[in-house]
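Under mature numbering (1 follows the signal peptide of the UniProt record, and there is no 0), read the sequence shown as residues -25 to -1, 1 to 407, first letter to last.
Hints are computed from structural coordinates only; laboratory data are not their basis.
Each hint should be verified, as a subset may be incorrect.
Straight-line distance between alpha carbons at most 25 Å, and here's what the computed DSS-like set of lysine-lysine pairs gives [to be verified]:
hint, residue 1, residue 2
1, Lys142, Lys125
2, Lys383, Lys393
3, Lys5, Lys120
4, Lys348, Lys315
5, Lys142, Lys84
6, Lys110, Lys142
7, Lys300, Lys361
8, Lys84, Lys120
9, Lys300, Lys348
10, Lys279, Lys289
11, Lys279, Lys361
12, Lys383, Lys365
13, Lys120, Lys104
14, Lys383, Lys361
15, Lys279, Lys300
16, Lys120, Lys110
17, Lys373, Lys348
18, Lys315, Lys201
19, Lys279, Lys348
20, Lys365, Lys386
21, Lys110, Lys190
22, Lys348, Lys393
23, Lys142, Lys190
24, Lys348, Lys365
25, Lys84, Lys104
26, Lys365, Lys315
27, Lys289, Lys300
28, Lys315, Lys279
29, Lys125, Lys17
30, Lys348, Lys289
31, Lys84, Lys201
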Amino acid sequence: MEDAVNSLTLVWMIGIFGSVSMVMASCPEKCQCNSDYFVYCKHASINDYQLRQIMDTMPSDVRLLDLGSNQIVNISDNFFFHLPNLEYLNLSDNWIVNVEQGAFQSQRKLRDLNLQRNFVTQLKEGTFKGLVNVKTLNLAANNIKNIEGKTFSSLDILQQLYLQENKLDNISSHMFEGLDDLHFLDLSHNDISTIAEESFLPLTELWDLRLNHNKLQNVDAKSFDKQVAIRQLDLSHNQIENIDFLASCQFRETISTISLSHNSVFHLPFHVVSTVRRLATLDLSENQITSISESAFFGLSLLKLNLSGNDLLKIDRNMFANMRKLAHLDLSFNNLQEIKTGAFDSFRETVYYLNLENNFLTEVNTGMFRGMKNLLTLTLDNNSIKNIYKGSFQQLVKLEELTMSNNKLTKVTNSMLKGPQLNTLYLHHNNL
């Protein structure tokens, strides 16, 4: 019986190791393979000539091929024709300057194509022919200057497209034709100064659009016709002066997050931001805003508003009228000298965090923070505060942290701080 068991064990081991040997025997030189038909050829100093040799010995049923961090320069027409089952292809961190039309036409099962950090300068119509199942395409950090119209038209179910860190200077009208299912588009860190009308027209399912770190000065609402699904829009680090386009964009009924930080906006009119009804987060930091129209944010359901790094001199009584849901307000690094009594009246039930540091406030008076019973953190560092009137914080019953470092206070009494049950109080660098 024991001999029989040993014989069966030997047969089983031969079967197992025999199958592994077959997989390893078919594994190309300079690569590592496993039994799931995953082939890893990363960091192997593979050039174009060696790649052709590797392709000759590549198992036809490979599903994942990693050729990242090599010395590949050219991807020729139908180069991977004998790998019809490929689902993941990594060509990142090579020296690729040219991807010929039809290079991937046999990869009808491919789901993820990574070409980031190469030297591609242009994309032609037909480059991605046959990639009917690709959901993620990464072309970031190349030298792409030109994308022909309909280049992406064969990518029927593409959901994520990464084009950041290239050299695009414009968005043409047919650039994204065919991308009906695209959810995420990153065009940040380019040189884009113009967007043609209806450029994003085909992108009816787009949720997240990133256009930050470009050279946009003007944005036309017509560029966003049919974009009713957008939830997040990043336009930070551009040169935008006028944001009137927000009032006409179709996404104003759905969008929840807009970043316009580091632009050149100098005024917020009444009719613009207040029309973007579902907006939850608005970042207008590091602009040149000197004035905000009365009730500019009227009726919004904003949860977070960042106005830091602007040129505001005062907060008028109705600037934040009827903002009933705001939780986080940042007014730091402005030129604020005055906050009108009742300016924060809309925040009686909501605001938990208020930042007023690095301004020019000289006093804290009894009407400044009236009714803000849910405020948890108040930051007043780096102002010119000399006086705190008795009862100024009396209604801040939930305040836990109060910071007033680097001011001009000469005394702080218990009556000045009456009301909150503070856990943290910072008064460093005053004249106490």
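Verification of the supplied hints:
no., hint, in the structure
1, Lys142 / Lys125, "holds, 19 Å"
2, Lys383 / Lys393, "holds, 20 Å"
3, Lys5 / Lys120, "violated, 34 Å"
4, Lys348 / Lys315, "holds, 18 Å"
5, Lys142 / Lys84, "violated, 30 Å"
6, Lys110 / Lys142, "holds, 24 Å"
7, Lys300 / Lys361, "violated, 32 Å"
8, Lys84 / Lys120, "violated, 29 Å"
9, Lys300 / Lys348, "holds, 14 Å"
10, Lys279 / Lys289, "holds, 20 Å"
11, Lys279 / Lys361, "violated, 30 Å"
12, Lys383 / Lys365, "holds, 17 Å"
13, Lys120 / Lys104, "holds, 20 Å"
14, Lys383 / Lys361, "holds, 5 Å"
15, Lys279 / Lys300, "holds, 9 Å"
16, Lys120 / Lys110, "holds, 23 Å"
17, Lys373 / Lys348, "holds, 6 Å"
18, Lys315 / Lys201, "violated, 42 Å"
19, Lys279 / Lys348, "holds, 18 Å"
20, Lys365 / Lys386, "holds, 12 Å"
21, Lys110 / Lys190, "violated, 29 Å"
22, Lys348 / Lys393, "holds, 13 Å"
23, Lys142 / Lys190, "holds, 11 Å"
24, Lys348 / Lys365, "holds, 17 Å"
25, Lys84 / Lys104, "holds, 12 Å"
26, Lys365 / Lys315, "holds, 18 Å"
27, Lys289 / Lys300, "holds, 22 Å"
28, Lys315 / Lys279, "holds, 21 Å"
29, Lys125 / Lys17, "violated, 32 Å"
30, Lys348 / Lys289, "holds, 23 Å"
31, Lys84 / Lys201, "violated, 30 Å"
Consistency note: the structure conflicts with the earlier hints numbered 3, 5, 7, 8, 11, 18, 21, 29, 31.
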